[in-house]
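**Student:** So the chains spell out like this:
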Amino acid sequence: MSGSEILQRLRDRFAVGVVETHEQRGDATAVVDRGALLDVLRFCRDEPAMGFDMLMDLTAADYLRYPGREDGPRFEVVYLLHALPHNHRVRLKVRVDEDDAVVPSAVDLWPIANWLEREVWDMFGVRFAGHPDLRRLLMYEEFVGHPLRKDYPINRRQPLIGPKA
Amino acid sequence: MPEPTGAGVTTREFMLGEGSGTGSGQTLQVGVGPAHPAMHGIIRITTELDGEYIRKADVEIGYLHRAFEKDCEVGGYNNAIPYTDRLNYVSPLINNFAYASAVEKLLGIEVTERCRYIRTVMAEISRVCDHLTCVGASAMELGAFTVFLYMIKAREYLWELVEDVTGARLTISYGRVGGVKADLPDGFAAKVTSAFKQTRDVLDEVHRLLTGNRIFMDRMIGVGALTREETIAWGITGPLLRAVGVGYDVRRASPHWAYDRVEFEVPTQRDGDNYARYLVRMAEMEQSMRIAEQALSAMPGGPINVDFAGRPLDPAAYVDQGKQGKTEGLLLVPIRLSPNLQGQNRPAWERVNAADKRVVLPPKETTYGSIEGLMNHFMLIMEGYGIRPPMGEAYFASEGANGELGFYVISDGSDRPYRVRCRPPCLPPVAALSRMIEGEMIADLVPTFGSVNMIGGELDR
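Line by line, the protein sequences give chains F and C.
Per our numbering, numbering of the first sequence is gapless, rising by one per residue and ending at 165.
Per our numbering, numbering of the second sequence is gapless, rising by one per residue and ending at 626.
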């Protein structure tokens, strides 16, 4: 399926769940409502015509200082799906606010989501509801804050905490 | 493995190797890493042993985290190139080109034909280096020190090629948004031919030393295996995915650079164990050399006809004259460059860089020889100027040595990337590592970890 066909399929299936779509630079992208996220992901994985059997990447972006998005939902959690049988891709995004930065976990669908969601929690402070073990992935447990947030200054230093004596 | 029996369990702490088969169910915690002789990379694996069997393993990463993605946000688009060198430091050229291609995709520009071929050749040479390192190091950990020395010798020939082109061996910073730093040096094809011949000899020797070797096979076959379904569900790409019989290769699935114009095979195996991964990597090296040879022989561009008036000038004298305003006729004087920078004079520069003044720095002759060139240079270098892609986002994937290497770049229309995300190809296999080693013996951790080819630079970013 081409990118526009995939997006059409998603819009047909989830009338309210798909908020908006675009195909900038040929990357099919759909912004999905948080409540519908798991259904959309499951539909993408299990529907044979979609066939997205791989969660290629899961990341996030902080739109705090993005022109025109200062007031909007602050975070976007980005799912990049790849379909091995059909060799096509789609990018799904979920927008969440800072004071309610929780997204349902996709660990039950793809085990790799475990580490990728831990990284997003670590770097952006977005929580994943239903994650079995939401620890930091790259930083240490004593680290304060979430470094990839736009309001985390790049030159802030924190004491390195060694192993407990 | 025996289950814990609860009552009557002895409380004495066990030594390594004790408890196996006793049915006591008492386990021993053994930490492997972060710095361990058998770990070529800084990673910590906490294992819970029952005798010699790993009952549970927890993998902890992040020891090499140096805020790659955050650092990318504070400089211009080309400032991230040196950081990408340090992602997968065994094949940095692929990172350079993949990042540059992602920004090019965001900008909507095309690089020149010759640049596409150069990227293909250099990426394939890097892939051979990477596989040589991976196979050599894991063979060494199983006692085959000779193989390690042979393979590092072959890698040395290839790194000499890289040094010839880029001026450096590891931190090459050779890619640029819109092109590459410099054209290939003279006589490069002949050097590649001779280096590949030596590499093929080494691969041949290694095949004879390892592929049918009883000890090696016993340690590798059936060890660290994942099924096809598990591999896909864990998002694993690259040699580990091809070792379970899935012929997914970004070079074939979405051809970029010059991969649609060369012939190559995507080697696959069925078993998904360490031995299958070894065989896939060995076969891929041959395919990579095939691609590089074809790309070199089909390299467009031809010889550069240099017929400038006047003798070549020393670069320093050239810059001095330009600064003093003596620019008349200067534009036509060629620069005599140092050997490390050969292929940087204007005709070569124009061959390998996109003709887009908003993106690519002009060649030095133009910068110092004409006011337009100088303005163009400043417009790209000064604070607040530089490359300014339109607002939006783009994801570009390339086949790194460990699998799909993707860069997801978001632009807010300014001269700095708003967000750069690197999809590290070795994160999914490392995430699945505990799944691969649980239930196996502690000694099998070493070859499995070797076959995963963890690269701390890209894993921890």
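FYI, nobody ran anything at the bench for these hints, they're computed from the structure.
Some hints here could point you the wrong way.
[Stated by the list, open to error] Derived DEER-like restraints, expressed as beta-carbon distance ranges:
(1) I536(C) <-> R136(F): 49 to 55 Å
(2) E603(C) <-> R136(F): 51 to 57 Å
(3) R455(C) <-> E5(F): 53 to 59 Å
(4) N87(F) <-> E548(C): 51 to 57 Å
(5) G196(C) <-> L160(F): 50 to 56 Å
(6) H86(F) <-> E548(C): 42 to 48 Å
(7) S359(C) <-> G68(F): 55 to 61 Å
(8) E23(F) <-> T492(C): 44 to 50 Å
(9) R231(C) <-> D133(F): 22 to 28 Å
(10) M1(F) <-> Q363(C): 57 to 63 Å
(11) G35(F) <-> I536(C): 58 to 64 Å
From a predicted model like this one, the values you see are computed outputs, not experimental measurements.
Ideal placement from N, C-alpha and C gives every residue a C-beta, glycine not left out.
**Student:** Does each hint fit the structure? Answer for all of them.
**Tutor:** Quick rundown of the hints versus the structure:
no.	hint	verdict
1	I536(C) <-> R136(F): 49 to 55 Å	holds (53 Å)
2	E603(C) <-> R136(F): 51 to 57 Å	violated (23 Å)
3	R455(C) <-> E5(F): 53 to 59 Å	violated (35 Å)
4	N87(F) <-> E548(C): 51 to 57 Å	violated (43 Å)
5	G196(C) <-> L160(F): 50 to 56 Å	violated (19 Å)
6	H86(F) <-> E548(C): 42 to 48 Å	holds (46 Å)
7	S359(C) <-> G68(F): 55 to 61 Å	holds (56 Å)
8	E23(F) <-> T492(C): 44 to 50 Å	holds (47 Å)
9	R231(C) <-> D133(F): 22 to 28 Å	holds (25 Å)
10	M1(F) <-> Q363(C): 57 to 63 Å	violated (47 Å)
11	G35(F) <-> I536(C): 58 to 64 Å	holds (59 Å)
Violation of the numbered hints given earlier is confined to hints 2, 3, 4, 5, 10; the remaining hints are satisfied by the structure.
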